[in-house]
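J.: What follows is each chain in one-letter form.
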Amino acid sequence: MIVFLQSVLSGLLVGGVYALIGIGLTLIFGVMRVTNFAHGELLMLGMYLAWLAFTGLHVDPFLSIVLVAPAMFLWGAFLQKSFVNRVLGALPQNQILLTIGLGLIMSNTVMLIFTSDYRILTTTYSSSSYKLAGLSISQPLLYAFLITVAITGALYWFLLKTDTGQAIRATAQDRDAAQLMGINVRRMSVLAFGIGSALAGTAGALISPTYYIFPQVGSTFTLKAFVIVVLGGMGSVVGATLGGIIIGVAESLSAVYIASGLKELVTFVLFLALLLFKPAGLLGKTRA
Amino acid sequence: MTKKLAMAVAALALALPGTGSAQVKIGFINSITGPEAPIGENLTNGVDMAVEDLKKQGVNVTLVKQDDTGKPQVAMSAMEQLATGDEVAAVVGPYTSATANAVAKLAQQYKVPQVVPAAAKEEITKQGYDWVFRLNAPAHQYAQSLIDAALTFGKPKSIAFIYESTDFGASVAGAGKDYAQKKGLKIVADEAYQKGAPDYRSTLTKIKAQNPDLVFMVSYVADAILLMRQSREVGLKPQAFLGGGAGFDTAQFEGEKDISNLVFSVTQWTPESSKAATAFADRYKAKYGKKPTYHAACAYAAMMVVGETAAKNGGDRKKIRDALANGSWTGIMGKVDFETYEGFTNQNKLVMPVIQYQGGKSETVFPKEAAQKKAVYPFPGWK
Numbered sequence: 001m002i003v004f005l006q007s008v009l010s011g012l013l014v015g016g017v018y019a020l021i022g023i024g025l026t027l028i029f030g031v032m033r034v035t036n037f038a039h040g041e042l043l044m045l046g047m048y049l050a051w052l053a054f055t056g057l058h059v060d061p062f063l064s065i066v067l068v069a070p071a072m073f074l075w076g077a078f079l080q081k082s083f084v085n086r087v088l089g090a091l092p093q094n095q096i097l098l099t100i101g102l103g104l105i106m107s108n109t110v111m112l113i114f115t116s117d118y119r120i121l122t123t124t125y126s127s128s129s130y131k132l133a134g135l136s137i138s139q140p141l142l143y144a145f146l147i148t149v150a151i152t153g154a155l156y157w158f159l160l161k162t163d164t165g166q167a168i169r170a171t172a173q174d175r176d177a178a179q180l181m182g183i184n185v186r187r188m189s190v191l192a193f194g195i196g197s198a199l200a201g202t203a204g205a206l207i208s209p210t211y212y213i214f215p216q217v218g219s220t221f222t223l224k225a226f227v228i229v230v231l232g233g234m235g236s237v238v239g240a241t242l243g244g245i246i247i248g249v250a251e252s253l254s255a256v257y258i259a260s261g262l263k264e265l266v267t268f269v270l271f272l273a274l275l276l277f278k279p280a281g282l283l284g285k286t287r288a
Numbered sequence: 001m002t003k004k005l006a007m008a009v010a011a012l013a014l015a016l017p018g019t020g021s022a023q024v025k026i027g028f029i030n031s032i033t034g035p036e037a038p039i040g041e042n043l044t045n046g047v048d049m050a051v052e053d054l055k056k057q058g059v060n061v062t063l064v065k066q067d068d069t070g071k072p073q074v075a076m077s078a079m080e081q082l083a084t085g086d087e088v089a090a091v092v093g094p095y096t097s098a099t100a101n102a103v104a105k106l107a108q109q110y111k112v113p114q115v116v117p118a119a120a121k122e123e124i125t126k127q128g129y130d131w132v133f134r135l136n137a138p139a140h141q142y143a144q145s146l147i148d149a150a151l152t153f154g155k156p157k158s159i160a161f162i163y164e165s166t167d168f169g170a171s172v173a174g175a176g177k178d179y180a181q182k183k184g185l186k187i188v189a190d191e192a193y194q195k196g197a198p199d200y201r202s203t204l205t206k207i208k209a210q211n212p213d214l215v216f217m218v219s220y221v222a223d224a225i226l227l228m229r230q231s232r233e234v235g236l237k238p239q240a241f242l243g244g245g246a247g248f249d250t251a252q253f254e255g256e257k258d259i260s261n262l263v264f265s266v267t268q269w270t271p272e273s274s275k276a277a278t279a280f281a282d283r284y285k286a287k288y289g290k291k292p293t294y295h296a297a298c299a300y301a302a303m304m305v306v307g308e309t310a311a312k313n314g315g316d317r318k319k320i321r322d323a324l325a326n327g328s329w330t331g332i333m334g335k336v337d338f339e340t341y342e343g344f345t346n347q348n349k350l351v352m353p354v355i356q357y358q359g360g361k362s363e364t365v366f367p368k369e370a371a372q373k374k375a376v377y378p379f380p381g382w383k
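Just so you know, the sequences run in chain order U and V. Last residue of the first sequence: number 288 in full-length UniProt numbering, and the count goes up by one each step with no gaps. Last residue of the second sequence: number 383 in full-length UniProt numbering, and the count goes up by one each step with no gaps.
For reference, chain U alone in the conformation it holds in the complex (with noise of 0.2 Å):
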């Protein structure tokens, strides 16, 4: 019972930061229709500026967010209005091209600065740990979790509450109406790809203390974040909070009931189950 529930419990902690990265791509695919192959490599870019943070000015990693958050979302900005601005329109394989692009030059750059050198970051609280009635919670990832937890509802609220987040979902449910309606939507993708970057960024920096970082660790997490977001339903920021959550406790989970090393083919068997009776997502409509 301790190790269901002990598995359960870590599954939650991580997917909750999983839910992050994917919040931002459903974030950038429902505005723009762009599917963003350079989410991991946005994440990565976020955990070398926690590093930075962390060994340059002593900042600790999950306070280091409010710099690295701002950050990412300029550089996310730029991104949109210098490079994806110009594909809005293209072939969906152009778009591809153009984004799988931009990441590898972010991870290639990357690697010229600061080598391909695993970077680990060791803070005081980097191993220690909750005990709670025989169960262990891990100290960094809870502080990830609950920070998560923050963000998303924060931006909940932006999105549901403000005139902007109104009018990026707007921009999301039909872009020719929306501009129709007197909305700026060009100005909408610029400010949904910077808040895109924004968020992967900070789960970079969320997971920093808890993982290792390295110019290729992108892609691991650009696929996660793909199957999340595809799993919720593309678009729909709830479907990729319960995305995220799923996808972690069913690893955690099938790590422990099936094999540790079946357990991504266990995502992705359960992702496949799912897409074929319900193909649009958990949460996702089916657009005409």
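Rather than coming from a laboratory, the hints here were simulated on the basis of the structure. Fair warning: this is a prediction, and the values are worked out from it, not measured in the lab. Be aware that one or more of the hints could be misleading.
[As the list claims (entries may be wrong)] A few chain U positions that, by computed beta-carbon distances, are all more than 12 Å from chain V:
#, residue
1, 70
2, 77
3, 83
4, 97
5, 153
6, 155
7, 165
8, 170
9, 187
10, 209
11, 271
12, 276
13, 284
[To be verified] Listing some non-contacts, in silico: residues in chain U with all C-beta distances to chain V over 12 Å:
#, residue
14, 14
15, 75
16, 78
17, 147
18, 275
[Claimed, not checked] Partial selection, computed: residues in chain V whose CB lies under 8 Å from chain U:
#, residue
19, 41
20, 45
21, 205
22, 222
23, 226
Glycine included, each C-beta is placed from N, C-alpha and C at the ideal position.
Following the hints, position chain V against chain U.
T.: For chain V alone, kept in the frame of chain U given last:
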């Protein structure tokens, strides 16, 4: 300094008389980019240093570097290019087990001498390929040294395995399971994991529930740190943690004092093993600003052997192969002698020392002859 350098070179010089300058073309396949690049870099550094030292001995090596990105199929096309396009005299590399094994087949087919510097998969030199040579010790040595050490230090009854599902991880763990059974240890857990996953807590919790006396882990680079951090989080406390080389044998792991303390690991090479080795480590540190890993030492030694042999035999592949099979060399890895024994072909017999991290420093603790410090056993628990 020059004198010191010259002495070091002299110590490293293998059985080659100081002939005039010779020109040879040698191929080097390595993970220069891709997920294995961080370790690959050490091999590149080692090979670069060997090329410099060879030059001082009058052997001009034209090095043709190929990047395999850690993928067997890329490594294979690199080998084809080297064998038929660049027409190299011999090949050093690749680094990982999967790539080295794939390339071995082609080395045999194209009749190009290949010296594998640091890949541990058993099969590589077990297929009767007479063009393939291996300098480092194969997988079963890792497991045997570690389990022998644990059985000497205490009386463990059970053992749990957790390893990454790669050629290297599976071969070392597989050999470990065979050997553990032979020694009467009960295997209570056998967990292969997908490398690079951020969370091993559930797997470790499952292992903790089995309460094993020994925990045997095999992983590349940073997963080793993650595994130990999370072991501490979940409170896994066996009599000893045995780390099967690779990631457990890096300066970074050593530096993580909180979690590396009292972990055992096994290695192909330590800088303290001989004077020549210490001199190499000092020069490496001065040049690259970090401690050499065994990969760097293996790659250096392999390149020295290949460079000298190729120069002596005027780049003739057949002659080089025969010279490699029959010769023996002494350098920073001790004696190198490719032998055919117990199903292995052209395998260098290397005794692997067991180390234990004590207060952020690796100390050789086994075998007795090589031990510098007394081992701490059993593991007293997490601080």
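J.: Next step is simple, just say for each hint if it's right about the structure.
T.: Going down the list of hints, with the structure as the test:
1. Non-interface call for residue 70 of chain U relative to chain V: holds, since the shortest CB-CB distance, roughly 25 Å, exceeds 12 Å.
2. Every CB of chain V lies more than 12 Å from the CB of residue 77 of chain U, the least distance being 28 Å, so the non-interface label holds.
3. Every C-beta of chain V lies more than 12 Å from that of residue 83 of chain U, the closest at about 23 Å, which supports listing it as non-interface.
4. Separation of residue 97 of chain U from chain V is adequate, the least Cβ-Cβ distance of about 20 Å exceeding the 12 Å criterion.
5. Here residue 153 of chain U stays apart from chain V, with its beta-carbon at least about 23 Å from theirs, past the 12 Å limit.
6. Every C-beta of chain V lies more than 12 Å from that of residue 155 of chain U, the closest at about 22 Å, which supports listing it as non-interface.
7. For residue 165 of chain U, the non-interface assignment is confirmed: its Cβ lies about 31 Å from the closest Cβ of chain V, beyond the 12 Å cut-off.
8. Separation of residue 170 of chain U from chain V is adequate, the least Cβ-Cβ distance of about 36 Å exceeding the 12 Å criterion.
9. The claim that residue 187 of chain U lies off the interface holds: its Cβ sits roughly 35 Å from the closest Cβ of chain V, which is beyond the 12 Å cut-off.
10. Its closest Cβ contact with chain V, about 10 Å, brings residue 209 of chain U to no more than 12 Å, contrary to its assignment away from the interface.
11. Annotated as non-interface, residue 271 of chain U keeps its C-beta farther than 12 Å from every C-beta of chain V; the closest such distance is 16 Å.
12. Distance check on residue 276 of chain U: its Cβ is at least 24 Å (rounded) from any Cβ of chain V, clearing the 12 Å threshold; non-interface status holds.
13. Against the 12 Å criterion, residue 284 of chain U stays outside the reach of chain V, whose nearest CB is about 26 Å from its own CB.
14. Its closest Cβ contact with chain V, about 5 Å, brings residue 14 of chain U to no more than 12 Å, contrary to its assignment away from the interface.
15. The claim that residue 75 of chain U lies off the interface holds: its Cβ sits roughly 24 Å from the closest Cβ of chain V, which is beyond the 12 Å cut-off.
16. Non-interface call for residue 78 of chain U relative to chain V: holds, since the shortest CB-CB distance, roughly 26 Å, exceeds 12 Å.
17. With a minimum CB-CB distance of about 16 Å to chain V, residue 147 of chain U clears the 12 Å threshold, and the non-interface call stands.
18. At roughly 22 Å from the closest C-beta of chain V, the C-beta of residue 275 of chain U stays outside 12 Å, upholding its exclusion from the interface.
19. Evaluation of the residue 41 of chain V hint against chain U yields a held restraint, the C-beta minimum of about 6 Å falling below 8 Å.
20. Checking residue 45 of chain V against chain U: minimum C-beta separation of about 11 Å lies over 8 Å; hint violated.
21. Checking residue 205 of chain V against chain U by beta carbon gives a least distance of about 5 Å; that is within 8 Å, so the hint holds.
22. About 4 Å separates the beta-carbon of residue 222 of chain V from the nearest beta-carbon of chain U, less than 8 Å, and the hint is met.
23. Taken as an interface hint, residue 226 of chain V checks out: its beta carbon lies about 7 Å from the nearest beta carbon of chain U, inside 8 Å.
In summary, the structure is inconsistent with hints 10, 14 and 20 from the numbered list given earlier, while agreeing with the others.
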